[in-house]
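Peer 1: Sequence:
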Amino acid sequence: MPRLPLQQTTGKKISSQDAPQNQWVMITEEKIFDNYGNDMDNISMHKLRHPKTDKATFYLISNGGQQISEIMKFESSCGSWLIGDSVQKDGSILMTTPVDPLFLVLPYLINAAKSGKYMTVDQIVHDEEFPDVSNLLACLDFDSLDYVADMKGAGDFKAYRYNSEKTLSWLRLKTDNVLEALRSSGVDMNESGAQSALFIRSKKTSSGDENGYLKYACGLVSDYIPLELVTSLKDYLGITEAVEDRSPVEPPNKKVKLSENQGTVTPTEDYSRFFGQDSKKQTSAAGGRQTAAQKKLSKVDVRGMKSISSFFSSKS
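Mapping to UniProt numbering: the sequence shown position 61 is 61, numbers consecutive.
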């Protein structure tokens, strides 16, 4: 796997002298390098705003700007990598996932729609906090904006304004595509969640739950849209959160009743009778058997003798 030089948010490369502090292990698709081989000048890493969390996220732009992929980091606190003759202390691993750039543009369209005006793409996709967002336009097919926005103009001058109905229809298409991918991959949807076909043990669990597929697919798509769109998408797809009716595992506790006179809580059964019976049994058992010392003590004449407690009483 070719080594990818780290790019700063401005697209500037970090020199190789900074290694190994600025190197990671990354798993990515081979097609990222298909058109350029080991030429890394056409592959860059940029920090952009995540469409759902609104936080900074690294993305990999490759194939001359034709593909953008989200970079996800999986950390391991007790691991390291052996790279050549050196040890990479950071045992984390990076993975790339292709993303439709329209998901990244969508929050900017929604925000620009607050003005109620039609705006050009350059005016819409502008972010002072994340200046690298300008690189996103190279990955965007401008014709795809018609899926989520209304357009005015012709030729080289076109202006756009966000359309919620178009967006929900486009998200429904994305959800259907994910749903079909789940079916084709043999993922079984049951009450306990997604389950790989490799771990299905009976034919009963292999029957796909259509509602489960739809909910799971919607959840995956919802990871790339603003929070205000998630609820709208669920309503558009007719997804409802069913309330589970679970029977109690343990039997209900015995009821307590209030005393008619004082209004205090009293138990319905008298458990103290057991303690009385036990104490009587212990007393009778103790009186029936005596040790040799106790027998000798009982024969001692104690008349005229003071008890021990009398020595500790106060003098009158």
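Some hints here could point you the wrong way.
[Stated by the list, open to error] Pairs of lysine-lysine residues, derived as DSS-like cross-links and limited to a Cα-Cα distance of at most 30 Å, are as follows:
| # | residue 1 | residue 2 |
| --- | --- | --- |
| 1 | K114 | K73 |
| 2 | K52 | K166 |
| 3 | K174 | K299 |
| 4 | K158 | K174 |
| 5 | K73 | K117 |
| 6 | K117 | K234 |
| 7 | K89 | K174 |
| 8 | K89 | K114 |
| 9 | K152 | K174 |
| 10 | K152 | K117 |
| 11 | K234 | K166 |
| 12 | K73 | K215 |
| 13 | K234 | K295 |
| 14 | K47 | K158 |
| 15 | K31 | K55 |
| 16 | K31 | K174 |
| 17 | K234 | K55 |
Just so you know, the hints here were simulated from the structure itself, not pulled from any lab data.
Peer 1: For this structure, which hints from the list above don't hold up?
Peer 2: Violated: hints 1, 3, 5, 7, 8 and 13.
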